[in-house]
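Q: Top line first, the protein sequences correspond to chains H and G. With the numbering used here, letter number 143 in the first sequence gets 477, and the count goes up by one each step, no holes. With the numbering used here, letter number 111 in the second sequence gets 140, and the count goes up by one each step, no holes.
If you're looking for bench data, these hints aren't it; they were derived computationally from the structure. Bear in mind that the values here come from a model prediction, so they are computed numbers and not experimental data. It cannot be assumed that every hint is accurate.
To be verified - Covered by chain H, per the in silico footprint, the following chain G stretches (three or more residues, Cβ under 8 Å):
#1 88-100
#2 136-147
What the hints assert, rightly or not - Coverage of chain H stretches by chain G, computed from C-beta distances (three or more under 8 Å per stretch; other residues unrestricted):
#3 454-467
#4 470-479
#5 636-647
#6 756-769
#7 810-817
Note that CB positions come from ideal geometry on N, CA and C, so glycine has one too.
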Amino acid sequence: MSSLFNDYQPEGFFDEVFSKSGKARPHYGAMLDSIGSLTPSDYSTRQKAVDAAFLRQGVTFTVYGDDQGTERIFPFDLMPRIIPQREWETIEAGLIQRITALNLFLNDIYHGQKIITDKAVPAELVLTASHYRPEFRGIKVPHGIYIHICGTDLVRDGKGDYYVLEDNGRCPSGASYMLENRNAMKRAFPGLLQQLPVRPVDAYGSMLRETLAHLAPSGVLDPAIVVLTPGIYNSAYFEHCYLAKQMGVPIVEGRDLILRNDRVFMRTTKGLEQVHVIYRRIDDDFLDPQVFRKDSLLGVPGIINAYRKGNVALANSIGTGVADDKAVYALVPKMIKYYLDQDPILPNVETFLGVEPKECSYILDNLDKLVVKAVNESGGYGMLMGPHASKKERAEFGERIKSNPRNYIAQPVLQLSRHPVFVDDHFEGRHIDLRPYVLCGDRVRVVPGGLTRVALKKGSLVVNSSQGGGSKDTWVLWDDPLDMPAETTPPAA
Amino acid sequence: MKYRITHRTTYVYSSRVVVSHHAARLRPRDTETQRCQEFSLSFDPEPDLLTEHTDSFGNLVSCFSVQKLHKQFEVISRSLVSLTPVLQPDPLQTPPWESVAAMFRDPVAVDLLDPCQFVFGSPLLIHEMPLREFALPSFTKGRPVLAATADLCRRIYREFVFDPKATTISTPLNEVLEKKRGVCQDFAHLAIASLRAMGLPARYISGYLRTHPPAGKPRLQGVDASHAWASCFVPGFGWVDFDPTNNCFTSLDHITVAIGRDFSDVSPVRGIITGGGRHTVGVGVDVEPVVS
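Bound conformation, chain H alone:
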């Protein structure tokens, strides 16, 4: 083994690279042979070159509520995370199953609500989800698909088993970092990826475009697609521009769009041009001041009427946030059973619901052992890491749970798997997760790999980029290079 890893210790955690005995796992062999021959200073030089390139190109992220300036580069660790084919095939099947069930669920609760009338899930949990939009019931959406782009977060526990931590069915971000990370790898280690059977991710832009084009109103052969952004102050503005560029479509703000005769038009230097599909990166609340928040200046008044009429398509659809509610997340295995009559391929993390009195008292009695999360927060905001919190913090959180139990869930603290990360001049283990991207168009496709997020602070279990996490390139390694599925195959006619 190379000198870079001489002092590396898995310290009792499940390590992605090294087994308990300290031997490298077989799927990391070829990569270690190549990277491992570097000296620490050599490695460090390459890491610095990548950091500088990210800063120059503006591959940045905004952390809200932090004094150290708002925009910063999204820290990138050079050593890739590798997923072998066998594991990936399970992940892919599990994600396809899950998104299929979620879309059936959303279609159901916005129409007949059969899953509730059949008592497969409790009415209260669904009807009280704060992103549930009763005003949207009965509206037909293109092909019955609500979530077109999903970023599902997966974690591995101490035994290396994969679990779904949460589904992000509103505006999941991070795909641009997945693409940029791969580019950075190619620059830092020229030729390395060519020698290894790694599934490419660079088709994401065209896959996304195909997915969006599939939604276009019928009869429109060459749909005009746009990316709708809240603007330059949004934390993911870099990504909005990046994806627009990858797809070759315009990026617009709300004020660039105007409604005429229930159709959406874009103001251009050549006059108004009709828009057929909008990849919107604005939350429901701000999308249409006529229907949702009246004080929104980011949205497009009247756009919901155009959507209702089928004159424009939105991705993702309205009201998908119900599925992001962490208490509704707990029901996904039941949805899979109810709609597909299958057992989940990827299990949920055990979840206790504040709204169930028995589970609530269990949560309150075990605050020191659990992670408590507010059901509608994301990005690592509004949570309590029980074992790491002070007595006072736990007591305060307990009061919050008691005053609004529906708003909280709790999960056992998982010993997330770790991966070596380059720190100063050597490698140390850091906890990671995985966010693969799922696209639902004429078929469901999972981009091979995704964004591996790293909790850069030693011992931390919070990987969210908004909490100072970093990321890694993620390789899905195929056994037989000649057998690799082609990402860009055009869909069957």
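Got chain H; can you put chain G on it based on the hints?
A: What follows is chain G alone, placed relative to chain H:
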């Protein structure tokens, strides 16, 4: 009883408006005791686009857009509505409120799913307010649900002052509770949030009152504009409307226009404009009985 109703909404802008979009819920509902026999909208200037759909609470929504420059805009709805007397259950014969609340805890019976959506918090009435305390004196142990609601209605009427200057559309409920002042919308919200705090379903109703009272009866509060009241659910009977602003159950004087979880679901006319500078809104409602 028949009424001819005219509801006029006028916007005057200090500078020109390029495009305006409006959504209106102005058509009186058809209910078991109410029939909307005629309904029409007229506009000045004429909108370039007019579409209609029914929202998920069964209200007719008319959407209209004016796409040419204008400095004022007026929409007038005219309707002819006939009412038959509402049969009220005897409040003392209704089930205890606790048993009604229990019916709305999971698992909820399939035929109660519709009222069930009115048990929880809604956009303007989030749950965390100390309303249970306010409601509790009315909800004594084992009290029939409609008797308890009538008592709540009476307490709001007695303890609160009708004062159009005290609140605006966006005054939060805890401020109303503190000042003990407000208008029909505040009192309806207060009643609804109190019922929900007890685990009971409650709906918000927007509508009209007859303008001139029958001879010998006092003029009711809230006649010159849209009025608002609340509705509670009695199992085996259905929704029972009550008006905390006037301390009564509704009958032949109240005309139902729209139903929702709170005001945000039913605002009669809401609009978004591009341009326009400052604007003023004028609303006039006229409800005349038709002599047959």
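Q: Against the structure shown, which of the earlier numbered hints fail to hold, in ascending order?
A: When the structure is compared with the hints, numbers 6, 7 turn out to be violated.
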